[in-house]
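Using the sequences provided together with the hints, build the complete structure.
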Amino acid sequence: MYENEPAFFETSPKPGVVGKPLDRVDGRDKVMGRAKYSAEYPLPGLTYGVLKTSDIAKGRIQRIDTSAAQKEPGVLAIYTHENLPKLAKTPNDPDGKKAIGAPMGFLPMTSDVVHYAGQPVALVVADTFERATHAARLVQVTYAAEQPIAAYTDPKAQLFNPEKIQDGKADGYTRRGDARAAMASAPVKMTAVYTHAINHHNPMEPGATTAIWEGPDRLTVYESTQGVTRTQKALSTMLGLPQDQVRVITKYLGGGFGCKGSCWPHTVLTVQAAKALGRPVKLVLTRQQQFTSMGHREDQTQTLSAGATQDGKLLALIHEKTATTSPWDNYTESNSKIINMLYECPTFESHYELGRANVMTSTFTRAPGEAPGSFAIECLMDDLAYKLGIDPIEIRLRNYAEKDPSTGQAWSSKGLRECYARGAELFGWSKRNPKAGQTRDGRTLVGWGMATASYPVHNSQGTARVRLYADGHAVVQSGATDLGTGTYTVMTQVAADSLGLPPEKIRFELGDTKLPTAPNSGGSVAAGTVSSSVYMAAQDVWERLTKMAIKDPKSPLFKAKPEEVVMEKGRLQLKKNASKGEDFKALMKRAGMDDIEGSGQGKYGAGYEAGQSTAAAGDAHKDEAAKHSMHSFGAHFCEVHVDPDLGTVRVKRWVSVHAAGRILNAKTARSQIIGGSIFGIGAALMEATARDPHYARYTNADLAEYHIPVNADIPEMTVEFIDEHDPFINAMGVKGIGEISMVGVSAAVANAVFHATGKRVRDLPITPDKILGTKAV
Amino acid sequence: MNNFTYLQATQAKEATAAVRDSKDAAFIAGGTTLLDLMKLNVENHGQLVDINMLAFKGIEQTSDGLRIGALERMSDVGENPLVLQNYPAVSQSLLLAASPQLRNMASIGGNLLQRTRCGYFRDTAFPCNKRQPGSGCPAQDGENRGLAILGTSKSCIATFPGDLAVALVALDAVLLLENAKGKQRRVPLVDFHLLPGTTPQKETVLEPGELIVSVTIPAAAHARKSTYLKVRDRTSYAYALASAAVGLDVQSGTIRSARVALGGVGTKPWRSLAAEKILTGAPATEATFRAAAAAAVRDAQPREQNRFKVELAQNTLVRALTELTTA
Numbered sequence: 001m002y003e004n005e006p007a008f009f010e011t012s013p014k015p016g017v018v019g020k021p022l023d024r025v026d027g028r029d030k031v032m033g034r035a036k037y038s039a040e041y042p043l044p045g046l047t048y049g050v051l052k053t054s055d056i057a058k059g060r061i062q063r064i065d066t067s068a069a070q071k072e073p074g075v076l077a078i079y080t081h082e083n084l085p086k087l088a089k090t091p092n093d094p095d096g097k098k099a100i101g102a103p104m105g106f107l108p109m110t111s112d113v114v115h116y117a118g119q120p121v122a123l124v125v126a127d128t129f130e131r132a133t134h135a136a137r138l139v140q141v142t143y144a145a146e147q148p149i150a151a152y153t154d155p156k157a158q159l160f161n162p163e164k165i166q167d168g169k170a171d172g173y174t175r176r177g178d179a180r181a182a183m184a185s186a187p188v189k190m191t192a193v194y195t196h197a198i199n200h201h202n203p204m205e206p207g208a209t210t211a212i213w214e215g216p217d218r219l220t221v222y223e224s225t226q227g228v229t230r231t232q233k234a235l236s237t238m239l240g241l242p243q244d245q246v247r248v249i250t251k252y253l254g255g256g257f258g259c260k261g262s263c264w265p266h267t268v269l270t271v272q273a274a275k276a277l278g279r280p281v282k283l284v285l286t287r288q289q290q291f292t293s294m295g296h297r298e299d300q301t302q303t304l305s306a307g308a309t310q311d312g313k314l315l316a317l318i319h320e321k322t323a324t325t326s327p328w329d330n331y332t333e334s335n336s337k338i339i340n341m342l343y344e345c346p347t348f349e350s351h352y353e354l355g356r357a358n359v360m361t362s363t364f365t366r367a368p369g370e371a372p373g374s375f376a377i378e379c380l381m382d383d384l385a386y387k388l389g390i391d392p393i394e395i396r397l398r399n400y401a402e403k404d405p406s407t408g409q410a411w412s413s414k415g416l417r418e419c420y421a422r423g424a425e426l427f428g429w430s431k432r433n434p435k436a437g438q439t440r441d442g443r444t445l446v447g448w449g450m451a452t453a454s455y456p457v458h459n460s461q462g463t464a465r466v467r468l469y470a471d472g473h474a475v476v477q478s479g480a481t482d483l484g485t486g487t488y489t490v491m492t493q494v495a496a497d498s499l500g501l502p503p504e505k506i507r508f509e510l511g512d513t514k515l516p517t518a519p520n521s522g523g524s525v526a527a528g529t530v531s532s533s534v535y536m537a538a539q540d541v542w543e544r545l546t547k548m549a550i551k552d553p554k555s556p557l558f559k560a561k562p563e564e565v566v567m568e569k570g571r572l573q574l575k576k577n578a579s580k581g582e583d584f585k586a587l588m589k590r591a592g593m594d595d596i597e598g599s600g601q602g603k604y605g606a607g608y609e610a611g612q613s614t615a616a617a618g619d620a621h622k623d624e625a626a627k628h629s630m631h632s633f634g635a636h637f638c639e640v641h642v643d644p645d646l647g648t649v650r651v652k653r654w655v656s657v658h659a660a661g662r663i664l665n666a667k668t669a670r671s672q673i674i675g676g677s678i679f680g681i682g683a684a685l686m687e688a689t690a691r692d693p694h695y696a697r698y699t700n701a702d703l704a705e706y707h708i709p710v711n712a713d714i715p716e717m718t719v720e721f722i723d724e725h726d727p728f729i730n731a732m733g734v735k736g737i738g739e740i741s742m743v744g745v746s747a748a749v750a751n752a753v754f755h756a757t758g759k760r761v762r763d764l765p766i767t768p769d770k771i772l773g774t775k776a777v
Numbered sequence: 001m002n003n004f005t006y007l008q009a010t011q012a013k014e015a016t017a018a019v020r021d022s023k024d025a026a027f028i029a030g031g032t033t034l035l036d037l038m039k040l041n042v043e044n045h046g047q048l049v050d051i052n053m054l055a056f057k058g059i060e061q062t063s064d065g066l067r068i069g070a071l072e073r074m075s076d077v078g079e080n081p082l083v084l085q086n087y088p089a090v091s092q093s094l095l096l097a098a099s100p101q102l103r104n105m106a107s108i109g110g111n112l113l114q115r116t117r118c119g120y121f122r123d124t125a126f127p128c129n130k131r132q133p134g135s136g137c138p139a140q141d142g143e144n145r146g147l148a149i150l151g152t153s154k155s156c157i158a159t160f161p162g163d164l165a166v167a168l169v170a171l172d173a174v175l176l177l178e179n180a181k182g183k184q185r186r187v188p189l190v191d192f193h194l195l196p197g198t199t200p201q202k203e204t205v206l207e208p209g210e211l212i213v214s215v216t217i218p219a220a221a222h223a224r225k226s227t228y229l230k231v232r233d234r235t236s237y238a239y240a241l242a243s244a245a246v247g248l249d250v251q252s253g254t255i256r257s258a259r260v261a262l263g264g265v266g267t268k269p270w271r272s273l274a275a276e277k278i279l280t281g282a283p284a285t286e287a288t289f290r291a292a293a294a295a296a297v298r299d300a301q302p303r304e305q306n307r308f309k310v311e312l313a314q315n316t317l318v319r320a321l322t323e324l325t326t327a
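Keeping their order, the protein sequence lines are chains Z and X. Residues in the first sequence are numbered from 1 upward in steps of one, following my numbering. Residues in the second sequence are numbered from 1 upward in steps of one, following my numbering.
Rather than coming from a laboratory, the hints here were simulated on the basis of the structure. Be careful, since some hints might not be right.
[As the list claims (entries may be wrong)] Derived Cβ-Cβ restraints for the label pairs, each shown as a range:
1) GLN101(X) to GLY215(Z): 55 to 63 Å
2) PRO100(X) to GLY442(Z): 24 to 32 Å
3) GLN101(X) to GLU163(Z): 45 to 53 Å
4) ASN41(X) to GLU214(Z): 52 to 60 Å
5) THR62(X) to HIS694(Z): 49 to 57 Å
6) GLN101(X) to ARG60(Z): 41 to 49 Å
7) GLN158(Z) to VAL187(X): 55 to 63 Å
8) GLN101(X) to HIS694(Z): 32 to 40 Å
9) GLY442(Z) to ASP36(X): 36 to 44 Å
All C-beta atoms in this analysis are idealised placements derived from N, C-alpha and C, irrespective of residue type, glycine included.
Right, dumping it as structure tokens:
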């Protein structure tokens with residue numbers, strides 16, 4: 001099956017660096033402080049913008065008194081809805097929102113209306129950050145306040161069933177077979193309600209924008225974003241400029257987790273301020289503002305019902321989700337998708353219900369839908385296992401989906417069985433006590449839990465450019481973003497192997513709309529798409545060089561057929577006679593060329609199955625690929641120690657095994673899985689933003705009170721990958737691991753808590769108050 | 001944050017007079033709470049008087065007990081051999097608090113004056129009687145999971161957030177204060193913090209311009225055998241949901257003397273004489289500890305979200321007593 005993999009793949013395990021634990025190529029710059037983030041460009045004439053945000057959650061602005069603030073030294077301008085220049089387009093109407101690709105159908109400071117607490121109402125620009133901060137405080141806003149609605153749980157919240165959710169990308173209602181009938185006749189029935197607290201992404205680097213107008217209609221923005229092109233498109237649409245007149249640069253990103261996947265209001269407000277003032281403006285959100293500026297994971301309740309046979313085979317799944325959304329959008333994570341595809345089950349039904357409240361629109365948060373959805377289905381599978389006396393892995397194997405139940409398609413690849421087996425082996429699962437609440441270590445109760453992970457490979461494409469120099473080095477470019485997870489490094493590795501050069505001879509550039517277009521770094525698409533683009537661009541270079549060689553009478557390859565020529569460690573040679581060939585440097589020197597360029601496109605579904613060459617594989621196999629369902633899979637195993645008197649839960653051991661196609665760098669991949677698992681442990685045990693029920697305003701918007709795990713919460717973590725070759729997904733066979741790393745994590749923890757205590761906590765996070773009163777059964 | 005002037009005081013009198021004579025001056029030592037609250041505009045001071053140059057230093061044995069200068073840093077005190085040996089609860093309360101960076105900056109005096117973490121207090125968009133007397137207390141029916149169950153009032157249910165004060169109040173610590181006239185007075189720590197009542201803005205007995213000079217902890221058998229247990233949402237760098245500082249002198253299975261204080265549950269560091277009364281003279285058994293714990297929270301007035309603290313505080317106290325007698 002893999003004999004037709006391109007030469008690159010055949011050679012890479014030998015001298016190649018793909019897959020090797022290469023140190024980060026940008027590591028030294030980061031620890032030396034040389035890596036510049038979007039708020040770190042010292043520009044001439046730079047000014048500082050600070051937002052004034054709304055104290056109320058609903059109402060109208062009656063008056064904004066800026067007189068005191070204006071008098072402060074250094075204050076250059078104060079912008080409000082009354083004096084900001086009008087935009088060509090706003091997201092305030094559905095067409096505008098769609099054209100912009102805005103995450104929210106409302107742009108603050110376009111009117112006097114206040115829809116949520118923390119909404120920007122004024123932007124103060126001064127010559128220093130401190131002066132702008134002080135002046136912002138002096139801006140006096142008088143409101144006509146109304147009673148806000150804080151959440152879908154408020155009796156006054158208007159609940160409705162949306163036809164579409166997630167900005168129209170997913171259905172609000174799904175039905176496969178007759179789940180109600182199947183449920184009614186099922187011998188075993190279970191129903192449970194799962195709640196999830198509001199979570200905030202909280203990247204280390206907050207939202208940050210530096211806007212410079214290079215001319216009356218030419219803009220450069222240093223932006224903290226997961227996608228320079230999406231930001232470019234959003235800004236140019238709002239400003240009414242041709243897309244190419246807006247340049248967006250993100251050389252380094254201090255985390256994103258989804259909140260930087262869209263262009264949020266503070267960015268365009270900064271751009272407008274810079275235009276009106278005629279000077280560059282930099283704006284960095286405070287940590288408090290971060291909680292109301294770039295979305296969040298919404299507060300939500302899921303009700304999941306299952307019907308099953310006595311031996312644990314699923315017959316029906318019915319899923320209902322109720323969540324809070326903003327006054328204008330129907331955004332909610334699509335939890336049901338993973339529930340519909342994770343296990344073989346003949347019938348399925350899902351409904352969504354949303355409640356409008358005075359909050360900003362929520363947005364994708366690491367594994368959007370899959371994270372909370374997996375919490376429900378994976379806890380329910382655990383409950384079913386205990387109820388029927390079946391081992392939790394065994395019940396999952398009994399329901400193992402050999403093809404995607406939600407579409408009926410075959411999997412492009414699925415290594416889940418191997419993940420279970422290897423994870424169980426690493427964890428010592430066979431020694432598990434089948435009964436809950438039986439294992440003690442002194443005063444603490446010990447529990448083991450596991451859960452399945454899965455995440456789709458999303459449709460995506462991108463481009464890359466390679467410039468190979470005759471002296472044996474190369475510059476490789478693609479406008480992708482490195483969230484801090486290692487894109488610079490893995491693309492350097494891919495380029496090195498694709499060009500037959502050592503990695504130190506490669507410079508990989510990203511994060512600029514001047515570079516070839518890459519997709520948003522989100523939804524786990526970057527690694528697969530960008531690596532495939534780089535690989536295809538390198539192939540393009542070799543094809544050009546091959547064409548040169550076979551036409552060059554001085555070349556040993558003169559008059560060879562192109563398909564007979566391969567590249568091996570930078571040398572063009574005959575496939576069947578390696579001694580006949582030459583180094584590319586010699587060929588280029590003879591032709592008087594200093595460099596040669598190639599470009600390539602990485603495409604979803606353009607894998608190498610049955611391809612003669614990857615270049616051909618591109619489109620020829622798209623049809624074949626379309627017949628497949630493409631997912632990563634994995635399994636988490638967890639040991640917790642629960643103190644039943646004090647309510648504390650501590651994760652003591654962790655094992656994650658994933659099958660995610662080709663792994664580009666063993667070290668950065670391991671780090672990313674560890675990071676995602678910790679993200680999930682945070683959601684499981686401590687992360688919760690509290691919103692006051694009367695004021696619709698957060699009461700713990702800082703990192704002292706919004707708890708994310710500290711080192712002391714996290715044990716040594718074991719991470720492994722199953723060697724998986726997926727011939728369909730893309731040219732590199734890379735599935736991506738950013739999202740799957742946190743899918744199933746909260747369920748694994750909750751399942752371990754149940755095993756320890758015999759108490760099922762379905763309300764995340766599992767804080768001490770929810771454990772108290774636990775007695776071992 | 002507003003603009004302010006900065007004065008570095010070299011003499012106590014210079015510092016105390018500057019603060020007394022100003023409407024809006026404040027002392028700054030480590031600044032770990034003050035600057036935070038100034039950035040949030042919860043505190044607005046026109047002048048900061050830096051007291052770090054004052055001679056309020058030293059950790060030494062005196063005839064009254066261990067004297068700790070108010071400007072000693074949390075980390076230094078927490079790791080001091082005399083503290084470790086004779087007042088383990090004090091050391092533990094310091095080292096379980098905050099983060100190493102904060103402990104290296106924060107002073108002992110400042111730590112005793114640490115202000116509440118109540119989310120309504122820390123956000124000026126909310127009404128708050130402590131911040132703006134008479135404006136109201138939305139915490140009563142709001143997000144009150146972390147707030148107090150003991151010593152509350154209709155005006156305020158804000159938790160005293162510190163750890164050190166809980167250990168010190170249990171072990172009968174006495175503060176030495178000095179006012180702008182250079183006059184010194186001694187105040188037992190248990191009397192230093194005030195209940196919110198109808199004036200939650202008034203948190204201590206400090207007069208305008210008065211400074212904490214030092215803390216003295218009497219030597220005692222129950223101080224040498226003492227411990228501090230802290231329960232929180234994450235393993236480190238979090239405020240207590242409940243904590244207990246306990247000291248016991250047990251001889252032949254009978255408790256000769258006992259000291260009990262609770263943290264994370266009171267509007268001030270919560271010394272429980274009722275619990276001590278039950279413990280003193282009683283056998284050191286779980287039944288005794290349970291009875292003491294029940295007495296400690298008898299007057300608890302929980303709100304909707306912090307009801308669990310009634311049980312958690314008791315379990316924390318019982319665990320601390322148990323660990324002390326089985327270790």
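* Asked: Taking the beta carbons of PRO100(X) and GLY442(Z), is their distance inside 24 to 32 Å?
  -> Since the Cβ atoms of PRO100(X) and GLY442(Z) sit about 28 Å apart, the hinted range of 24 to 32 Å holds.
* Check the following: the C-beta atoms of GLN101(X) and HIS694(Z) are separated by a distance inside 32 to 40 Å. => holds, 36 Å
* Does 36 to 44 Å hold as the CB distance between GLY442(Z) and ASP36(X), or does it fail? -> holds, 38 Å
* **Distance restraint evaluation - GLN158(Z), VAL187(X), Cβ atoms, bounds 55 to 63 Å** => holds, 56 Å
* Asked: Has the hinted range 55 to 63 Å been met by the Cβ atoms of GLN101(X) and GLY215(Z)?
  -> Given a distance of about 46 Å, which is not inside 55 to 63 Å, the answer is violated.
* **C-beta pair GLN101(X), ARG60(Z): status relative to the range 41 to 49 Å that was hinted** => holds, 44 Å
* Asked: Does the Cβ pair GLN101(X), GLU163(Z) satisfy 45 to 53 Å?
  -> holds, 51 Å
* So the hint says 49 to 57 Å: do the beta-carbon atoms of THR62(X) and HIS694(Z) match that? -> holds, 52 Å
* Is the hinted range of 52 to 60 Å satisfied by the C-beta distance from ASN41(X) to GLU214(Z)? -> violated, 37 Å
The structure shown violates the earlier hints numbered 1 and 4.
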